[in-house]
Each structure stands twice: as structure tokens, then as C-alpha cells.
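Listed below are the residues making up each chain.
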Amino acid sequence: VRSLIIITLFFLPFISALTEESDFSALLKSGKDYLSSWQVQEASKVADNALELAKSANDKAGAYFLKSQVEFYKGNYRKARQFGKKADEILPNQKGIVGFLDYISRVSKTGNTFKEAKTEHFILRYSHPQDSILVGYAGDVLERAYFEIGLDLETYPHEPVIVEVYPDLESFTIASTLSKKDIETTGIVGVCKFNRIMIISPRLLPQGYMWLDTLAHEYTHYLVFLKSGNTVPVWLHEGIAKFEEKRWREKKRSVINPFYETLLARALKENSLIPIEKMHPSLAKLGSAYEAQLAFAQVGTIVDFLVKKWGPSSLGNLLNTMREKNDYKIAIREITKTTFPDFYNSWVKDLRSRNLKERIPGVKVKELRFKQDGAKSEDESKDLVDLDNIRARDYTRLGDMLKARGRLRAATYEYEKALHFDPVSPIILNRLASTQIAYGKYDKAKEKLTPLLELYPEYIDTYINLGRIYLEKGNLNKAEETYRKAISINPFNPEIHTALIPIYERLGLPDSEESEKKVLSILLEEDVKIKPRIDTNEEISE
Amino acid sequence: MKSGSKEILERLLSDLEKRRKRVWIANGVGEFSFVLFASLGIASLLAHIHSNNVYFSILKISALLAVCLGFVRLLLFAVLKKEKKTRLAKELDSVSPGLGEDTLNALLLLEETESEKELGASKSLIQAHVDRVALKLESLDLSPVIPKEKIKNHWKPLAFALALSLTLLMLAPEGFRSFLFSASILPPQRPHLLELADIKINYRYPDYTGIAPQEVDGIIGDVKAIKGTIVSFEATPLRSLDKGNLVIEKGHTIPLSVEKGRIKAEFTIISSDGFFIEDKSGRFRSRVFKITSEEDKNPKVAITAPTGDVIEVDEKEKIDIYYTAQDDFGLTKLILTWKTKNGESSRSIDQIKEAPTSIEGRFVWDLSVIESDPDEIIEARIKAYDNDTVSGPKFGVSNPIKIKLKNPRRKHEDVLVAVEKVLDELLDVLGDEVEKGRLQDGYLARNQNDFSIGAEEQNLNRIDYTKINIGIMKKAHEGITSKIEKALSSLGRLLETIKSDDFSDYTSFLGLSNMKIRIEDLLYERRDLIPTLSLSNLPRLDGLITREINEFEDDILFLDSTLKGERLRESLVYGKEALSKYNELSELLEKLKQNGDEATRRKIEKKIEELRGLMSQLAEKLGSISGDVYEGFLNPDAFESIDVSGKLDEIMNLTEQGKIAEALNLLGGIKNSLQGMIASLESGFQSFSSASLSKEISKLNEMIARMKSIEKEETSLRRKTEDLKQSLLKAPAKKEKLADFVERERKKIEELKNSRFLKGETSEGQSHQIVKRQEQIEEETGELVKDITEYEDDLPLHPNVGEKLNESKGFMQGASRNLRGKEVSKAISNQEEAIKALKKAREEAEGLLEKYQLSAKGMGPSVPFVLGSGQPRQGPRGVDTGYVEIPPPQESETGKEFKENLLKAIRDGSPEGYSELNKRYYERIVK
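Each protein sequence line maps, in turn, to chains A and B. Following the working numbering, the numbering of the first sequence begins with 1 at its first residue and continues without gaps. Following the working numbering, the numbering of the second sequence begins with 1 at its first residue and continues without gaps.
These are calculated hints, taken from the structure and not from any lab test. Certain hints may be false.
[Stated by the list, open to error] As a list, the in silico DSBU-like pairs of lysine-lysine whose alpha-carbon atoms are at most 35 Å apart:
#1 B:647 x A:115
#2 B:671 x A:285
#3 A:366 x B:576
Okay, chain A solo, but in the shape it has when bound (with noise of 0.2 Å):
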């Protein structure tokens, strides 16, 4: 017995040690796990505790690395390079520490380019100085998706969320830790990821993209993420994304347009749905631009099945259960009352109950396609590519020429006859479409438009041919309207805020037409060329 006292008093220091130890590395996990429910409060709050506490090498090391990944989530990139610095210096080629400083500086000479814009609940982050212009526009959806998202999904962030503007391409797939593969294949123009919403700017697309939904569809990610605690899969997370993102400009939500019925009536034609496990890891590592299309309108309608055969409460629901559970399937099971498989049968049941047509023939989905600096060339017969009847594109051309030379009437012929081989080219019917309004036929312009509307919605042209008319008519309300749908594809294009001064002065909306002459200003600059930041070695408060 004195032996054993002996022996237990004699190895009491490092049970005790153990345990601090044990108590310690329980402390990081802890940090961790909040962080990747994104709860960075919580976990701020971990890893100050963390650096009081940490004794050791190691566990100072393990705490200044939680700080600057806690920092990282917050958005302050200098903050979590210095503490990453810090944990790297003590604990010299930790791979994890490493790698992470290794992305941080990287991210970061964008990151600390980026000027900041603040509105009630969101903090706006742009870098180019074009940018800017979205800050106005962004604001204001985003701040009615914070309401009607909100309301839907029954939850409201507590701190700002931070939505930050990508100036390019590169800088985007840095950030977004994306492949330019992956973004160019699937166009996925923006993730909601690391405690934040990150977009490429429409500046960078010659069509622009449906930016302001985008933000929208990327809130609701970030609302799903809070209220499920990341326990929700990738395809349901983009469905109820997809069921939202209109959410901010229409009370009815529908997912099903001409666009995504095609893909769909062909796919239950072809019997070629995508696969929910297919969907993992990121609809954005799917095979192509198609699939990654139809997988949104089948994840998109999944959940329109749910919300229409369930009610508008079984989307909450269905969330509070996957943070309980963290089981997609036995959320569906107890909100559904059927298996999955069912859940899914039945989907598919009530699409082809809808007896959907495939309303674009032929559709093709193309790749995005980026502005490119230095070698390019300005002409406008880039989108002739993607006119795949050959026939279709060489009238075109000769239209593009006739146009070119003044030769209006010429160039409609020539339109037209290509119309003959791809009767609903968006690229074709704005071409004529603006021809003939150079000509004043203003009438048979809107009639060749008109139907793109519900086919090509994306399609930029199409609104400013549409304003054209309108403003040409006088129906001021229309043209405002139509130009603020083109702002929610492309604000870039100098035309439309052109056009708006003179409908806001007409309307009597000094402040919006002052706006409008803000923002061409902005857009009529030189560009100027963005200076990074110089990190600073400033100390950090502990």
C-alpha cells in the first residue's frame, strides 16, 4: 500500500498534467466546432479563453491558430495573418498552420484591397472601384431578403453579414477555393463559404448574370447554415437557395421557368435526372454547365415540392429537424412522413404530372465565358459562337456586317433569314430587334422580343432593347422597370443609367435620377488601377 501511495504521489503531477492537457485540446475542438457551424462569436470567445489558458508551446501555438482562423471567419484577413504568423513562429511547419497562412496570404491581397459599404444588417465589401456601384443595388435586396428570407426560413443573423465583390476571376477562385475549371463548367458566380457571401463581379461577365438574385440565393445558403448548424447536404442546401433567390422581388415562389422546364421535361424524357448523390460534394464539381443546370432545377423543384405538398412551415421544420438529427433523411421522414425514396418517387411523380415540354429546342447550356484583358478583341461577334447552326451565324455575320455599314434594312433581311435556322436565338432576335428599332419599327422589335423574356430572362439585351422601345413610346414606368431588371443583370452597361437620368427627371425622382448620374460618372472613369494594401506590422491587442 505505501509502495502504491508512493508510486501514486510520484506520477500525480503529470495524471494532472494530462488532464490540463486533455482539458485543453477539448477547449480547441471546441473553438473548432463552432466555427464550422459558424458560430464565430462562440468561437471567439474559445479561443481568447484559449490563449489565456495555453501554457505550452503547443497549446499557445494551437491557440493563436484558432484565433486566426476565428479572425479569417470574421473577415479580418491582416488580424488572422498576424495570429497565424504567431502560431507558425511558435510551432514552426505545422502543415495545417502552414497551408492555412499559406491561403490567408494569398486571399488577402484581395482581401486587403476591399472597401467597405454598410447597410442595417450587411456589410458590403468591393475592391474595384466600378464595383462601387453595386453597393446601392445590393443593399437594397439584400436588405429585402433579410425580411422575406428571413420570414420563410425564421431566422435573422445577429451580427452583419459580410458580402464581399470579387474584382476578378483569379481572385475569386483564391477566395472561393474553387477551380477556374469548376466556375468556368458549372457558372457558379458565387458561394456562400467561410462566414461570408462572395460573388464575382458582373463587371467580369460580357452578358453580366443575374447578380442580385445570386446574392439573394447566397443568403439563403447563409440562413440555412445558421439555422441547421451545416448539417443540411449540399443538393437540399442549393434547393432551398434555388426555392429563395427570387424570393426578395416576387411574393410567389417558383422555381420552374421555360429554361429549367426543358431541362427537366428532357431529362424525364431521356429518364437522365441527376442523381442526388451525385450532387456531393458541390454542384459546382458536376461534369458540366447542363448538369450543374439541371441538378439546380431538380434540387430547386424538390423543394417546391415540399414547401407546396407540406406547406410553407415544413421548410423551417425540415431545418430544425436536420440540426437535431444531422440526417437529411429522417428530417424528410418525420416532416413527410415517407421514406426518402418515396419522398423522392413522388417528386419525380409530380413532375411528370405537370406534363413539362421542353419550351427551348435544343437548348444548349454554355460555359461562362469571362472578359479578358490584354489580348481581346472588342468587335461584338463573340456571342456568334455560341449560334451553333453554322447557317444560323453566317447570316448573322452578314447582318453584323450590313449593320456595321449603315445598311439597316439590309442587315433585317439577312436576320431574318438566319432566324429561319435558330428561330429563338436570343442573340439573333436582339440583333434584329435592335436593327429594326434603328429604324423605328418599334413595334415588330417588341413582338420578336417580348417572348424572350420567359425564355431567356438572363439574357441583357433583351431589356435594353425592351427600354429602348419603351423610352422611344414614352411608357416611362416600362422603360424604368425593364432598365432596372438589365441593373440586375449588368448595372455596368453605362446605357441603361443613360437612359434612367432622363426617366427619373421625367418621373419627378430627383433622388434616383441623382443616383443614376452617380453611378454613370463612376462608370465614364478611366479605370484606376487598385493599389494593395501594405500589411502592416501592427501589434495585435490580446
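Starting from the structure of chain A, add chain B where the hints point.
Using the frame of chain A, we list chain B on its own:
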């Protein structure tokens, strides 16, 4: 006594004396000179009176005496003359009366004072006198005491005398002048004249002249021949002469050989001179004979063609230079020399062995060997050398020809500009055709501008032709006709320009040539129709307009596609050039790393500047690439790092700082980017070319596949026929009944479809099957020939293809007949011939396919592709434009000739009666 006064007095008097003496001497010189000139002049003048030695001697002595006298009297006397105090005193008196005497007294008194003699006056008085005289002399102007310098006052007569005497001296008889200035007092004794008779001169001309030796006698003895001629002088002196010399005045002396009373000597003519013969004592001398040395003249050479101020030629071109050259004795060598900024270069035209005196020739000058800057004017001349071995070869230089090497790139750019022009003009025509040309409601209006146009509004079926305003329509179409003519003329000029453009390939050329012909056909129809336009022929006009619109659309697209491809290719060329410059820069940097010398550093600076310019041009070219080509055929990622200006600056800075390794590293990065870009351009260019030619390639592939299939079938059929033959040979008894059997079986063919005969199990069945199959193959071949005729518009297939297929068809028909006529062996022979013909046709088609594929890769001479609407090739003048020979790549140097032949072939069409001949030929084969 003041010593100062004494010194002043002495100094004054001494100065006075010196000045006076100087004037005396100067005057003496002047007077002596005058005497000298006068003596010489007078003597020279008097020498003209008599030309006699004694007289000359008298004159010379007189002149010498006069000169000597003058010298002594005037000059020597003046030099030796001493100043007399009394005379000076006298002179001083003339200045101031009594001064001379006072001075004289002062001098005397001083002299006595110094000699310490007893003086009759006190020293003080003497001193006072001296002081007074010195003071007076000092205060007075003593210049009147100095005599006047005559030369100053009389220089004019003196100069005149000099000039006159010199003139007279010059004009004096030659003998007198030389005698006057000789040392002898008496004139030399002149030798006695040696008279010579029977002078004979033999000339031996230099070998190179090729002139035979010549003997001349009965002459006065003067010699005249080309330099280097050996002259043999022979004569008979009229007095006895044992020994003597032939003396060349400005040269050497040659001893005479005397034989049998005749003297002989040889000398070589070196220059014009004189010679005489004299005896050894020199007492007898012949007259001086004249030597006239004739010079070998320089060759004359002239370039007769090409002519003109500046001849523009392609850098790889060969030009024919026609020349003529003459020389008096012979030409040995002709050289072409030319000057560029890099210096003078030359090339031997001809090494002539036989040294003709006249040459006319042609020299083909290959300009590819010339290194010059584009657009530099090169001056070329021909140098002709003669065969002169005496003075050395002399040369003549021709008139210059000025050559300007065309910048092939600029030429190509001109072609592209011309293509754009045609494109613009055709677009204008198309615009007019659509807007003003078509039959539509617009023509119902009174004013052309009231048209309401748009395809959706057009419904030709509904147009009431009777309501159409013919006048307005005619006017509109006349305008269109003139625009088409203009475009056609531009197209013609473009084709001419392309002929000498190395960068344009045959694809474009043929396409444009065909385009021209098609437009000409339409224009021909238009010219026929429009002047007589009436309501009745409106439907014809309607058809013409439709075809014209289709044609112009296709033409414009063809031109547009050509321009797009060319822009892509230009970028590629610039990219490759830039890469090569980067490699050079890299080598220079490596060199700098090794030796670090200043010259290399300067070269690097220069190279970087070159690169900067080139990259800027490249960026410009890339910017001109059409957007759809850029998007459709290039990889945009490859062009992200095209702006390297900053990096080049950095390389320059690093080089200046000596950080060569870093500079090389940076350069490596740029090179990699550029290589990526070039790879993208190359692949884009090939894809674009392939896409442009894909229609033609797939048609050809399809035809070749059909030919292969027919060939295979025919080969298989021949084997079956062989088997049939074998089976018949094994069963000769049945042979006799074969015809009957076949005939019978043919009637029963339908019923026997499933019988064992049709399965080929008997020789009769086999034969029938073979006949049937042969007919089918023949039919397939006929179909193929028909299709090929249809494709003629788009594919310029060699006529051999069609001919061989027709030939094959003929042999197949023969084989069928043979089989039906029991002639199995003949059938096999015909089948073999058919297979051979098929093979030939296929090989021809495969050759064409290969050319297309090369063209699609942007290599070698391509073949035309025509975006035509398949209109008939038979133009209104019976032109057959179906085929043009395409040379293989290795023959592409003869581009211009080829293109000219091509155009001619397209224009000329088939010779008269060719079609009929062809028809008969096939009929003969078939028979």
C-alpha cells in the same frame, strides 16, 4: 660734359646713317632688277632676229654684261657705299641751316675731347655745343635727310618691266631660251644629220590583242601601235655606221645591230615619245621619230533590260538581266555588283574563255541571296573586264538598275486591304440588292425612298407584277449593275495582286477566281436583262436577284472567312518572330553572363527595343482577330500575359544591375507564356482552317469511300469470275450449254430467288449472279460519276477522276457483255481494267484530299473551297471552270506562273471540240 648728350648725338647720327643705307640698298635692288629684266627682255626680243649660234652668244654676253654692270654699279655700290660726314652735314643743313656744320663741329669737338688733345675752347662750351646740337637733332624731323625709296614710287614700271621681260623670255626661240640659261657661253655644237633610208618597221602586238605581227615599210619611221607592242626598227643609213644607238627620248638607249649596212633595233612601246638613231660618237644623229602609244580602251557594257526607274521585285524572285558588252580586244569576265546598306556585293555572271570582243547575254539574278532591308533600293551594275595583260585588266561599268525588294508582308497587307475593299463593295451591292433590287411593294411607290422593306414583309408570290413601276426599278438596277461592275473590277485587281503575293495560298486564289467567274456570269445575265426590262420578264429578274443575293452572301462570307484566317495567321507569324527574338535575347543574356562585355549589353538593349516593337505589333494583330474566332478557336487563358512591356523593362533593369540570372529567369517566364500563346494560335489556326474546309473534306472522304467500296466489290466480283472460269474449265461439257442456261435462268430469275443457283452453288447460277452484280456495280459507278459532276462546283477534281470512273464503267459494261456472251476470260480482263481505272480514280481523289488536309493545317498549297450555291459552271461563253491543276507543295515556288496558268485555264475553258472528242473516246472504250 653730359655723357647723355654725346650718346644721343651718336645714336641719332648712327640711326640716320643706317636708315639712309637701307634706302640706298633697296633702291639698288630695284634698279638692278630693272636692268636685269630689261636685259633679258631685250635679249629675248633680239633673239628673234637671227637664229644663229654666234648671234645668240653675242646676245647672251651682252645681256650678261649689262646685268653684271648693273649689279656692280647699282647694287654692290650701294651695299659698299659709306656715309660721309660732310655729305650728311650737308643734308642736315638742308633741314636746318647750320645744323650740318654744328653737327660736324660737335663731332669733331667730341673726338678731340676724347683724344684729350688741347682744345681751343673750354669743355663747358664744347658740352654746351654738343648739348645744343643733340637737342636740336632730337627735336627736328630728320626725314628729309633720308632718301626716297624708289621702289615704292616706281613699282608699277618695275612690275611692268618684269611682266614684259618674262613674256619676251617665254616667247623667245626655244634654243635661245635654253641656251641663255645654260652655263655655256657658246651654243652647243649640233650633230650632223644622219639620214636613213628604206625604213622598215615590224610590229609584234601583245598576245592578248590577238593581232598578227605586222611589217610596214616605205614609211617615214614614226611608230604608232598599242602599248606593249614590240617594235623592230630597221633602216639603211646613208653614211657608214658601225655602231650606234637607238635613243628613246624619255627612256633608255638601245644598241643598234648593224648587218650588211642595215641597222636594226627593237624596243617596246610604253608611252608616247620620240626616238632617234645616232652613231656612237654622237656626231651624227637621225631626225626624231614619233612614238604614238595607243591605249587599250575600257570595255563598254550596258544593261538593256529591265529598264525603268525602280524595279519592284519580290525578295525570292529571280529577275532576268539582259546585257551587252564590247571591248576592242576581248572580254574576260562579267560581274554583277550591287550595293545595299550592308555594303557592296558581287556575283560572277560569266567567265569567258575565248575573250570575245562583244557579248550579248541574259543573266538570271536570284534575289533570294540578297540581304537587305525591306523597301531598300539596291543599285546593281554589271562590270565587264577586258583581257589587257600589259596594263592589267581594265573594266567598264554598265548603267545601273535600281531594284526595290518588295516587303512581302506589306504586299500581303495590301492584299488584305484589297480583300476588305472587295468585301465592302460586295456588301454595298448586297445592301442595294436587298433594299432596292428586290421585287416588292416598294416598286409600287412613286419614290424609291418610300420602300418598306423587311423579309417578313416580302412575299413575292403575292406581288402583282403589273403594278410594279418599271422605270424606278430599271433605274435602281442600273445603279446596282454599275456597283457590281466596280466590285468585279476590284476583284480583278485583287486577283492580280494575289498572283505575286507569297502569303496568299491557292485556296484563297481559287476561291476568288471562281467567285469572279460566277459574278461575271450573273453580270452577263444582268446586262442582258436590265436594258430590256419589261413586265413580261419580271419573273426572270426575280430569279436573277435571288441568285445574286445568294451569290453575294456566299462571297462576302468567303471573304470574311479569308480575312479572319489571315488575321489569325498574321498573329501567328508575329508570335513566332517574337519567340525567335526572345531566344536571341536569351542567348545574348547567356553570353553577357559569361563575358559581361559592353558590346553584348548594347546588343541586349537593342534586342529589347526590337522586342518591344514586335510585341506591340503582335498585340495589335491579336486585337484585330475577329471576336468569334477568338472565342471559338483560341484559348483565352493563353493571352492573359501578352502585355510584357513592364517585364521587358524589368529585364533591362536587371541586366543593368548585373542580375543576369534573374533576368534570364524572368525571360524564361515570358517565353513560356509566348509559347503557350503560339500553341493556341497554331491550334486555333488549324481548327479554323479545318472548320472552313470541313465541308469539302467530308465530301471528298465520302467519294473516296464510295470508290473504295466499288473497287472492293469489283475485285471481289473478279475473283468470283475467276472461280467461275475455273469451274467451267473443270466441267467443259457444260460450257457449251452455258449460254442457253444463262438465258433460261434469266427468265426464271424471280422464281429462283431462293434457289441454290442464286446462292452461287453452280457455275450457271454464279454466272448469272456475276452479271447481275456487275450491272449493279456499273450502276453505282455511274451514280458516282454523276455526283462527281455535281460536286465539280465545290471541288476542282482532276478530270482524270471522272475519266477513270467512266473508263471503269465502260470496262464493267464490257465485262457484263462478255459474261452474257460466254466470254469469261474477256470478262475477267475487262474487270481487271475496270479495277485499275477505279484505283487510278481513287488515288487522284486521295491526292486531292491530302492537299485539302494540308491546307486545313495551314500548310502547303491549298485547294479552293467555294461557298457557292452550286450554280452551273457553264457560263454564257461556254466556259468550263471545273478543274485546275494544283501543284504539289514542292512546286509552289512557281506560284506566279501557276496562278497565271490557273486563271487562264479558268477563263479559257475547254478547247473547241474537246467535249465531242471526249464523248467519242468513251464510246470507243465502251465498244
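- Task: Would you pick out the hints that fail for this structure and give their numbers low to high?
- Result: No numbers; nothing is violated.
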